[in-house]
Amino acid sequence: MNTAILKQAIKEAGGIKVVADANGKSYEAVRKWTVNGLPRTEWTGETQYAHVIASLQSVYTAADLLQSRAA
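For the working numbering, add 11 to where a residue sits in the sequence shown, where the first one is 1.
Think of the hints as simulated: they come from the structure by calculation, not from any bench.
Please note that a few of the clues may not be correct.
[Unchecked claim] Computed list of lysine-lysine pairs in DSBU-like fashion (alpha-carbon distance at most 30 Å, straight line):
| # | residue 1 | residue 2 |
| --- | --- | --- |
| 1 | Lys-18 | Lys-43 |
| 2 | Lys-18 | Lys-36 |
| 3 | Lys-22 | Lys-43 |
| 4 | Lys-28 | Lys-43 |
| 5 | Lys-28 | Lys-18 |
| 6 | Lys-36 | Lys-22 |
Model the full assembly from the supplied sequences, consistent with the hints where possible.
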């Protein structure tokens, strides 16, 4: 996964702490997303982290955050 868009979206949303709080996750969990990308549960419909991040900022949509998943 290309994490550059995700990193920028998290920055635009107010940073890792803001995104972690909004998603009910730890700071460390969200920091790992900036390295590894969003968890597989985003593509199976179990979680909606990309939608929450998209709602916190106006630069990237949830689709933008999900489009670059590695095969």
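Please verify whether Lys-22 and Lys-43 have alpha carbons no more than 30 Å apart. Between Lys-22 and Lys-43 the Cα gap is close to 14 Å, so the pair holds against 30 Å.
Sort out whether Lys-18 lies within 30 Å of Lys-28, counting only the CA atoms. 13 Å, holds
Can you confirm whether the C-alpha distance between Lys-18 and Lys-43 stays at or below 30 Å? Holds, at roughly 11 Å.
Does the structure keep Lys-36 and Lys-22 at a Cα separation of 30 Å or less? Status holds; Cα separation ~16 Å.
Given the hinted pair Lys-18 and Lys-36, is their alpha-carbon gap at most 30 Å? 16 Å, holds
Lys-28 and Lys-43: Cα distance at most 30 Å? 13 Å, holds
Checked against the numbered hints given earlier, the structure satisfies every one of them.
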